[in-house]
Amino acid sequence: MLMQNVGVIAKLQPAGDGGLVVVFGEKIAPGVHEQVQEFVHSLQKLQITAVREIVPSYCSVMIYYDVLQLSRKEMCRLVLDALEKLEPFLSSLSKVLHVPVCYDGVLAPDMDCVLRMTGLSKKELLNILTSKLHLVYLTGFTPGFPYMGNLPFSVPRQSSTRRAIPPGSVGIAGNQTGIYTVVSPGEWNIIGRTPLKIFDAKRANPFLLTAGDYVQFEIIEIGEYFTLKRKIENGYYQP
Amino acid sequence: MIVVIRPGNFTTIQDSGRWGYQTWGMPISGCLDPYAAQVANLLVGNKKYAAMLEMTDEGGVFHFDYSVMAAIAGADMQATLNGRSLHNWQSFIVPAGGTLAFGKAVSGRRSYLAVQGGIEVAPVMGSRSTYVAAGIGGLDGRILMAGDMLEIGNDAQVYLQTTDLSEFWVPKYRHAWKLNVILGPQADLFNAANQKKFLSSTYKVSSIADRMACELEGPAVILQGRELVSDATGWGAVEIPAHGQPFIVMPDHGTTRGFAKIGYVIQANLYKLAQAMPGDTISFVEIDTDTAIDLYKLQQADYQTLAKSFRTGQMC
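Those protein sequence lines, which keep their order, are chains A and B. To convert, note that position 189 of the first sequence is 189 in the working numbering; the numbers rise steadily by one, no gaps. To convert, take the position in the second sequence, counting from 1, and add 239; that gives the working numbering.
Keep in mind the hints are simulated off the structure, nothing from the lab. Take these hints with a grain of salt, some might be off.
[As the list claims (entries may be wrong)] Chain A is nowhere near these chain B residues, computed Cβ spacing over 10 Å in every case:
no.	residue
1	Thr-262
2	Val-300
3	Ile-421
4	Met-516
5	Val-524
[Unchecked claim] Think about it this way: if two alpha-carbon atoms lie no more than 20 Å apart in a straight line, the pair counts; the simulated EDC-like pairs of lysine to aspartate or glutamate are:
no.	chain 1	residue 1	chain 2	residue 2
6	A	Lys-73	B	Asp-533
7	A	Lys-197	B	Asp-527
8	B	Lys-536	A	Asp-66
9	A	Lys-11	B	Asp-427
10	A	Lys-27	B	Asp-427
11	B	Lys-287	A	Glu-74
12	A	Lys-45	A	Asp-66
13	A	Lys-73	B	Asp-529
14	B	Lys-536	A	Glu-74
15	A	Lys-202	B	Asp-533
16	B	Lys-436	B	Glu-456
17	A	Lys-11	B	Asp-379
18	A	Lys-73	B	Asp-379
19	B	Lys-286	A	Asp-66
20	B	Lys-443	B	Glu-456
Treat the numbers as computed from the prediction; the structure is a model and nothing was measured. Every residue, glycine too, gets a C-beta built ideally from N, C-alpha and C.
Produce the entire structure from the sequences given, and follow the hints as far as they go.
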């Protein structure tokens, strides 16, 4: 979808002495996502050697750069340059990944809490999650963790941090869903688990998902979860 | 070959980090104390970021099959070579069959052992750094264990004339740390009273201070209003979770997170986060970006001065 007549209003903010954030908005929205992607593309085209990394997220783009090679002023000027040259950017590589999830029992420790907070029944919640494709706005946090937004409801994070959330855990925070990819701390409400390895360093392509892809969640029973998990571990299953 | 007799508390292989994959959520990892790590490599004539061992709180015991030049920088872990005391921040020759032993850290927290040529393991995504959470890099993506065998690589580059480091270049690790911070990018989400509280309070480093985050205990800083949309977060970011106790992002931390970043610790001060021990105090002092960049440039110029003096044999 081409965004027309959308004036780009970006804010430049400092992120320490080696970083710069370009902010395009404050809310998760497909239009903002497109601006972010367009800007990343535009900045990459400038091929600035002093730029160490460009890290996009929902509404902003972080630029880590080497201040020994490029002054802050010069970096800001190049950012404005890239902003002026924004062009519609369509990823032709978008794909849909089917993600089987078990939403029951010990694999869904915060399910009851989420149902209470939203007032939804479990059937209603699962219907919301599985009835449409979820756009992956970004991958971040831990290797390959897909951030998906725009749920029709919003729930607060857990007030305390869990120290070790198992990989495959499907979480909800605010109006986002995500899938934990390695054992990591976190505050998202865990409502299920997938046997898929969204990230696997031993695979030719370690990351199953990247920004611009779509996820289709599918409900599986706990028995299927363990069967699939075994198949994946033994290399008999290709997602 | 270096044989690990005792691994120590949390010893990993690290280099300058795995840059270039944060877009996919891959943290940079790498040596937590860039100053000590770079000086250790200089002391043995290695390329700037050859891989080395990073030890935490308590070092290990290592047996060397053959003779190699080595150096220790960072925390003082009471190192001995074949039973005789060694000094940090200078290079020495380990004889064939020698045993290098470390004890508990008595000053600072992280110590670096560089050997001439660097530690050789297969790079993963361009780096030899260990990232334990995902099980990649270093030796099988994990902390070292007794019985591990380490190969020495080819990352040496200069013939050294001298490896004396004068006291001037040796940082003093104390227990009260002042960290310069640049406010932002989300400091404006905190009202004046909370910003002031953050800048005027003294925090204690909690017992949860690892390669992912340095958690602090002290007066809570309260965010007014909305929950944040996740965005990128880099090394040194001071993040404020709902309970208000700040924590500082370290190189194994997630690349994006949904917390407000009240400020960033400046690059020239990052080494302090590697050396602050649980129980040490931290206070934040605001600084502007241009001054921070100047301090970083000065620090980098120091490496050049040292590198040059080692090459030419002229003491500095």
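Hints and how they fare:
1. Not every Cβ of chain A is farther than 10 Å from the Cβ of B/Thr-262; the closest lies at roughly 6 Å, contradicting the non-interface assignment.
2. For B/Val-300, the non-interface assignment is confirmed: its Cβ lies about 29 Å from the closest Cβ of chain A, beyond the 10 Å cut-off.
3. Distance to chain A contradicts B/Ile-421 as a non-interface residue, since its nearest Cβ pair spans about 6 Å, not more than 10 Å.
4. Taking the minimum C-beta to C-beta distance to chain A, about 21 Å, the non-interface status of B/Met-516 holds against the 10 Å cut.
5. Against chain A, the non-interface label of B/Val-524 holds: every CB pair exceeds 10 Å, the least being about 14 Å.
6. Between the alpha carbons of A/Lys-73 and B/Asp-533 the distance comes to roughly 14 Å, so the proposed pair stays at or under 20 Å and holds.
7. Between A/Lys-197 and B/Asp-527, the direct Cα distance comes to roughly 44 Å. Violation of the 20 Å bound is thereby established for this hinted pair.
8. The hinted pair formed by B/Lys-536 and A/Asp-66 meets the criterion: a straight-line CA distance of about 10 Å does not exceed 20 Å.
9. A C-alpha spacing of about 13 Å is found between A/Lys-11 and B/Asp-427, which places the hinted pair at or below 20 Å, so the restraint holds.
10. Pair hint A/Lys-27 plus B/Asp-427 holds up; C-alpha atoms about 17 Å apart against a cutoff of 20 Å.
11. Distance hint between B/Lys-287 and A/Glu-74 is unfulfilled; the C-alpha atoms sit about 27 Å from each other, more than 20 Å.
12. At roughly 18 Å between alpha-carbon atoms, A/Lys-45 and A/Asp-66 fall within 20 Å of each other, so this suggested pair holds.
13. A hinted pair counts as satisfied when its Cα atoms are at most 20 Å apart, and A/Lys-73 with B/Asp-529 qualifies at roughly 10 Å.
14. Distance restraint check for B/Lys-536 and A/Glu-74: the Cα-Cα separation of roughly 16 Å lies within the 20 Å cut-off, and the hinted pair is therefore satisfied.
15. In summary, the hint linking A/Lys-202 to B/Asp-533 is not supported, as the alpha carbons are separated by about 42 Å, beyond the 20 Å threshold.
16. Restraint check for B/Lys-436 and B/Glu-456: satisfied, since their Cα atoms lie roughly 13 Å apart, inside the 20 Å limit.
17. Distance hint between A/Lys-11 and B/Asp-379 is unfulfilled; the C-alpha atoms sit about 42 Å from each other, more than 20 Å.
18. Proposed proximity of A/Lys-73 and B/Asp-379 is contradicted: the alpha carbons are some 43 Å apart, above 20 Å.
19. For the hint pairing B/Lys-286 with A/Asp-66, the CA-to-CA distance comes to about 19 Å; that is within 20 Å, so the pair holds.
20. Between B/Lys-443 and B/Glu-456, the direct Cα distance comes to roughly 5 Å. Compliance with the 20 Å bound is thereby established for this hinted pair.
Hints 1, 3, 7, 11, 15, 17 and 18 from the earlier list are contradicted by this structure; the remaining hints agree with it.
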